[in-house]
Amino acid sequence: MSEYLLILVSTILVNNFVLVKFLGLCPFMGVSNKLETAMGMGFATTFVLTLASICSYLANQYLLAPLGLEYLRTITFIVVIAVVVQMTEAIVHKTSPLLHQVLGIYLPLITTNCAVLGVALLSVQEDHNFIESGLYGFGAALGFSLVLVLFSTIRERITVSDVPEPFRGNAIALVTAGLMSVAFMGFSGLIKF
Amino acid sequence: MANNKTMMMRSGLVLGLFSLIGIGLVSLTQSVTHEKIAENERLYVLKNLRELVPETLHDNDLLADALHVIDAEAFGNTHEVTIYKAMKNKQLVAIIASPTAADGYNGSIKLLVAIRNNGELLGVRVVSHHETPGLGDAIDTNKSNWIYSFNGRSLNNPSPRLWQVKKDGGEFDQFTGATITPRAVVKTVLKTLQYYQANKKALTTTTQQTNG
Amino acid sequence: MDNYKQILKNGLWENNQAFVALLGLCPLLAVSNTVINGLGLGLATTLTLILSNSIVSLIRRQVGNEIRLPVFVLIIASIVTAIELVMNAFFYELYLILGIFIPLIVTNCSIIGRAEAFASKNPLVASSIDGLAMGLGFTAALIILGAVREVLGSGTLFANAHLMFGDAAKDMVIYVIRDYEGFLLAILPPGAFIGLGLLIALKNVIDKRLAKPASQAVSFAMDTEKA
Amino acid sequence: MRLWSFNGGLPSLAEHKNESVNLPIEIAPVPKCLVYPLGQHIGNAAKPLVQVGDNVLRGQKIASAQGMVSAPIHAGSSGTVISIADHLIPHPSGFSAPSITIETDGVDNEIDYTPCTDFRQLSASQLVDIVREAGIVGLGGAAFPTAIKLDTQGKPVTIDTVILNGAECEPYISCDDRLLKERANRVIEGVEILLHMLSAKRAILAVEDNIPETFTSIQNAITNNQNPAINAVQIPTIYPTGGEKQLIQTLTGKEVPSGKIPAEIGIVSINVGTVYAIQQAVIEGKPLTSRIITVTGEGVNKPHNLEARIGTPISALINVCRGYTKQADRLIMGGPMMGFALPSDNIPIVKATNCILVASKHEVVTEKQAMPCIRCGLCASACPASLLPQQLYWFSRSDQLDKAVKLNLFDCIECGCCDVVCPSHIPLVQHFRYAKSALKVQNHEKHQSNVARERFEAREERIAREKAERAERSRKKKAALKSKPAKEEIDAAVNRSKTKKNSITNED
Amino acid sequence: MLWVLIALVPGIITMIWQFGYGVLANIIICVSTALMAEASMLRLRGKAIAPALSDLSAVVTAILLALALPTLAPWWIPFIGAFIAIVIAKHLYGGLGYNPFNPAMIAFAILMVSFPKSMTVWVLPHSMLPTGISLSDIFTIVLDQQPKQTLIDAITAATPLDEMKTQLGLNQTVEEIRSSSIFGSLSGQGWQWVSIAYLLGGMVLMFKKIISWHIPVGLLTGLFIISFAFYLLEPSVTPSPLFHLLSGGAMLGAFFIATDPVTAATTPKGRFIYGVLIGLLTYIIRTWGGYPEGIAFAVILINMAVPLIDYYTPPRAYGHK
Amino acid sequence: MSFFVLIIMFAVLGILLGYAAIRFKVEGDPLVDQIDAVLPQTQCGQCNFPGCRPYAQAIANGEADINQCPPGGEAGIAALADLLGVEPKPLNEDNGVEKETLVAVIDENTCIGCKLCIQACPVDAILGAPKHMHTVIEAECTGCELCIPPCPVECITMEPVAKTLALWEWDKPDTSQQKVSS
Ligand SMILES: Cc1cc2nc3c(=O)[nH]c(=O)nc-3n(C[C@H](O)[C@H](O)[C@H](O)COP(=O)(O)O)c2cc1C
Ligand SMILES: Cc1cc2nc3c(=O)[nH]c(=O)nc-3n(C[C@H](O)[C@H](O)[C@H](O)COP(=O)(O)O)c2cc1C
Ligand SMILES: Cc1cc2nc3c(=O)[nH]c(=O)nc-3n(C[C@H](O)[C@H](O)[C@H](O)COP(=O)(O)O)c2cc1C
Ligand SMILES: Cc1cc2nc3c(=O)[nH]c(=O)nc-3n(C[C@H](O)[C@H](O)[C@H](O)CO)c2cc1C
Ligand code: SF4
Ligand code: SF4
Ligand code: SF4
Ligand code: SF4
Ligand code: FES
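First to last, the sequence lines map onto chains A, B, C, D, E and F. Just so we're aligned: the first sequence equals residues 1 to 193 in my numbering. Just so we're aligned: the second sequence equals residues 1001 to 1212 in my numbering. Just so we're aligned: the third sequence equals residues 2001 to 2227 in my numbering. Just so we're aligned: the fourth sequence equals residues 3001 to 3508 in my numbering. Just so we're aligned: the fifth sequence equals residues 4001 to 4321 in my numbering. Just so we're aligned: the sixth sequence equals residues 5001 to 5182 in my numbering.
Just so you know, these hints were derived from the structure itself, not from any lab. Some hints could be false.
Stated by the list, open to error - Listed next, with one range per pair, are the computed distances between beta-carbon atoms:
1) E:F4228 / A:L6: 21 to 29 angstroms
2) A:P66 / B:E1035: 20 to 28 angstroms
3) C:I2174 / E:F4228: 50 to 58 angstroms
4) D:R3002 / E:G4046: 52 to 60 angstroms
5) F:I5137 / D:G3094: 25 to 33 angstroms
Idealized CB from N, CA, C, for every residue including glycine.
Taking the hints into account, I'd like the entire structure generated from these sequences.
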């Protein structure tokens, strides 16, 4: 049980995918202008990441490993992810227009979120079992959503600030991400490797 | 309806076709490179080992003559330790063990400890660690020469009581502001030496064996 | 010809993937702790961009909407895996350092981004030039950021050059500052973010200078005269 | 009586009432000209009933109410209408607006009033009519037509409590205090009228606890009157306890729901000056032509309260107060907290004007250089509406007005407490006023653009339809050229109208 | 801001009394660097300089940073720190009032991750210094002139919190650890008096209504409750709540740092939550994290959550349900 | 040759996607409406589209940039940028410049009642019968100026909208804290 907790704490705080591992940065910078969109993206990512992590585990365990095709891991994972995302998008779009309003526009963005592939690859690299893979994806996504939401609220605050001209927009956002990353270093050591 | 069906099949076909091309291409590359890659991986491990036990000292394939031990009692933790045996003319000249110091400041420190058959240290190297940059990372050869201070040491040099960092009354330097890391390394090296001492007999017999 | 020049300019400066579009940030920030790492990943990315742009441009008419994305990522993934295998075989140590970021070129947002935004709408030559330009712009960003972080963080430049250029390059490393305690922040994750932020601000300043016609300088001179 | 408290407020605001409160109310002389802006109340502007050149008498109706929410205007003295044109009005914009100007003849002839001996004989609706016809609007500041407030007939509300607002919490102003000191009896009679009109159970007259003599005179009046339903209470002197919502909370512990009126919780609140005007209208039959007004500040020589005719130019009132002093720096209508600066003294007072403050430099909050907001939160702790002024400020400042609305911008009563406490001297209220007015304009524009879109789309459809019809016609014509029996033509016409109908239903 | 400075005086005096003039060196370097940085940034941004300097916010930032730094840090530590605080953490965001992160704590955290060696070595309190240490010895250290190692070793040590953590890591009990001479009756030798002095200064601020009670009370409550809970579980290997409250930067943090109005939550309820979260996080980092003292990281971590806290804790406006 | 398994799997996935595309097909695009709601509805055509809605359609299709509507001005661009999640950019000067809203006024003495302006007006804000003088309904005129060029006697002028009390705006306080230039 506690090892599952460790996986969560590790992926959410200590080895936060965005601020420490540098994965999923483009959507982190791209859809963090508003709290609402950040939340939408957070939900969408959590769903897809967990699902993708599980699917990739299955593909790896029952397809690639038995066939000795590990070198095709990247290809397989990314196609599986793309298909999962696109199917989710299509289904949500049709069945729940409301949910689609919330998540829909973010779903296609997720395929190109390298956190998704990163989670799948890292999870395989660390020899996770089925539950661990799911948790790993889930935790990574929670960590992503957490910092995304916090970041978006800070960015909203920055838009009402007197930021010097050259720093308006992306520059100050990156500096902020840097300072957040400094703050997250406070968590280092919580998990020993 | 029929139209829909052809559309579906078309999607499948196109994706299948492209995957055929893509995967074919990759498989081709793979078949060309895989031997070289396997060789690289081998050489990479060997390179580290040979830094401690030069090629002149042995004539066997270090990677082939290796055994894996898990001995919590001896090493203080359950990490697997690989022991490579360096032999010349079928005689054991040295071993290289890969113990893990689990009590570093930020977790495990993986070491390579090379011991000559007379019990003298050929050298110690850090393979991986998570110690604080600027503090504990001085155990890395890139950062300081501290790790060389083990060269030529043995169980009696210094005496076992002095196999500690200076702060604890021993002979080995600590770093300013960082005692935990060197303490952990010293302790593990000592344990490896003791393990070798205890299992020397078993290790020198040429038959392969596995403990635990 | 002008058109191509524009594409080049676009990739290197105006729509620089790293500084302006903010795409491909993960590898950019993760492996820019030294110049050489940056260069290695930059070149691999450039190659991928050129190939993927060209191929996508060639097949752009054959692929329906519903499977466009999977096909594009499939193509990119194949290219990257091939490159990965080759790097694994010929630049093994660099490959180890760049680690997971080589397979992750697949999801480097700028690659799929260019495939969607440019290559799927433009002919072969323009697309491959676009790939080249975007790749070079990205590589330049990697190198600049790498240089800044390497100098500040460890006081050196071109450390580990041998990983790329062979043992002959071992002496390439320059010690910009001797006996430097090291401003660790620069090589840690925060340093990457803040460094990129500062570089973008710098670019904004330069852009502004370039945009302002000479009159700015004149009025500036007048200001100082008054003072 | 149990009292409650409201959030924030300013307990220690400098009062400055002594300057004006000690002298008795002086009846201001009839000025040369009286100016009546037609829109001096909330709601539609009044419609002139007179023409240039007409002679009028005091009390004569010169403009009538237009629509439900509006109020008539009566002449304040006898004279001649000399113009009906734009005149500077007392409004922060400094705009001019249509006004009736009367040149007085100095005789001050009045119309014949019809007094009433026993108001209890009159029904509530008759009384409401009297109040409406007398042109009475809220004299406490908002100038909302009082008749509407009092007209509970046919509305799904029952009024339980009438609150008489004599708090007069703003510094400098003392007109209600003087009124209650001198004419308490008539005010109490007015309260009785109200109780009768509204069939309310009780009336509470609230004054601040810093004017004990006035309180005594009110209590005397109540004792004389012997009506157990009327109560007088002293409430703590905390600005803005006179604000309707704060007063209701102080006296009853209830809150007026946001965006609703007090009647929803069974309360009507009325300023004591308004009550006096109601008493005058009902008992003596006099329409509202004058009011008590405080002229004060270091900028006038003799600060005191005047009973002035509505329409009197401010310059005339200043003369009654022996003119400006050297310190006179700014002319403010209303008190220092909620008032606004006037560009000139050639502006008439209106029904809502309770105070003319001629301020010296140090009397008004000098506009210090505003520093950045340091988020200290003092403004939030002072806000009687429990808003977060600092956040409203950030969003107003950066024009993210929708966010300000979400944070209840429109619940801000513009009391100015936040301004006073802000250590960075940020003119917060000005930001909020800006934000509110900008939102109003935005909504208007939104509305305009919606209208334009509809009209554009309607036109596009019409054009498309006409084109289709033309095509149809020419086709028909061609067909008709070949053979044109009359019947067919009729059929065609029928068809045409049918398709037209169809196309219309399709569009829906 | 003037009152903040006044309220800091008892703490500063106690600190000088306990740890010598190194404190003053830090303060001087930090304040002068901060003022210069502030003036140049204002100039670069075309803002009026005089009114902004006279609000003393840069001085407060500088002094708080100085008080958080090790007493014998080489001169470039306070210099770089003050520069980072004012330029990166404050003016890149638009100067006073706009910075989302506490500038002094950002500077401290950056120094901590960048120069852990220089940042974890503290001079011993005055009562424990060996005799024969002169002022000039101290200045060789401040001027970074590579003093003799023996000198450094003689007069420096890890802080009590650091020592506690290290020794607990070696499976000692709290009792054994606290027998060491660097611990006093309440917490660390010397440190306890400094903490109490800050507490006094903080009371002044609260009394003067410069700060509202929500944050300090929340922070100290949070820290107390979690440390008490774990203390009850395993008293032998868990330092007492009192030790936690009077160690490291807890008091300075509760009254002077977490209360920075600019970076704290602004709603009353939010402020209390903000304080409690910092308290909890401080304990977590101190006990299980990599750094011996968690106040700085806890503050900037919770700074991140401030807009969210404010968003979810608006007071009930008049007339709303 | 085991990778053929993979290829077959991919092909199946492709079929699945094709199926999903058909099974879960959705019509309509709410984005256009959202964009159209932000545009000022002046219908002036300065954006190079025949009205606001076509421009909205073009933006939604990615065929037009967000900075082509002068009546909407900077505020309009900001709103579009916000809606679409992109960075705002300055107004494209090729499309025109932002100016205050005007209304058309027909000089009723000169008007010959030619009806040309009525045909030009996109929102039917001009009233008048043939040969009779025309007049503009001020409340409905968007100020698009499209009626000006067709008028043969040049009797239409654009005039500023009179500020009414109801739509008066308080000044926004200055907050720049810039150095006061002496
Ligand atoms: C941020 C930080 C990182 C540290 N990293 C290490 C480390 O990697 N290795 C180490 O031995 N000590 C490290 N320490 C120091 C330990 O906390 C402890 O103080 C030290 O090992 C005790 O040694 P000393 O007695 O020489 O001070 C670190 C301290 C801090 C504050
Ligand atoms: C637009 C508007 C409509 C109002 N409608 C009513 C109403 O229908 N009934 C009523 O009793 N009061 C009504 N009021 C009066 C308010 O309840 C309140 O008494 C008046 O605004 C004066 O309050 P103030 O001076 O605090 O602003 C209305 C006020 C306004 C501004
Ligand atoms: C901040 C504020 C302070 C007010 N102070 C008073 C006051 O002291 N006395 C008063 O009669 N009305 C005051 N008002 C106006 C009242 O809210 C309310 O309009 C009035 O009592 C309703 O009575 P009326 O319609 O007869 O004017 C104040 C309004 C506000 C917003
Ligand atoms: C009560 C109080 C506490 C403060 N605490 C800090 C602090 O911890 N860190 C800091 O940099 N500035 C602090 N300041 C100063 C000021 O708010 C700070 O410079 C701003 O954060 C810069 O915008 C404080 C000011 C006050 C009034
Ligand atoms: S003016 Fe508005 S925000 Fe300010 S204190 Fe009064 S009600 Fe609150
Ligand atoms: S009182 Fe002024 S400085 Fe303080 S939070 Fe409110 S607006 Fe900001
Ligand atoms: S420029 Fe603007 S207002 Fe004019 S038609 Fe185009 S979108 Fe409409
Ligand atoms: S009247 Fe003229 S300016 Fe006004 S909307 Fe019609 S065409 Fe445009
Ligand atoms: S490169 Fe774009 S998300 Fe990682």
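Evaluated hints:
1. Checking the proposed 21 to 29 angstroms range against F4228 of chain E and L6 of chain A shows it holds: the Cβ atoms sit about 26 angstroms from each other.
2. Between P66 of chain A and E1035 of chain B the CB atoms are about 23 angstroms apart, so this pair conforms to the stated range of 20 to 28 angstroms.
3. Between I2174 of chain C and F4228 of chain E the Cβ separation comes to about 56 angstroms, which falls inside the hinted range of 50 to 58 angstroms.
4. A C-beta distance of roughly 58 angstroms is found between R3002 of chain D and G4046 of chain E, which places it inside the suggested range of 52 to 60 angstroms.
5. Range check, I5137 of chain F to G3094 of chain D: Cβ separation about 30 angstroms, and the 25 to 33 angstroms hint holds.
Comparing the model with each earlier hint shows no violations; every hint is respected.
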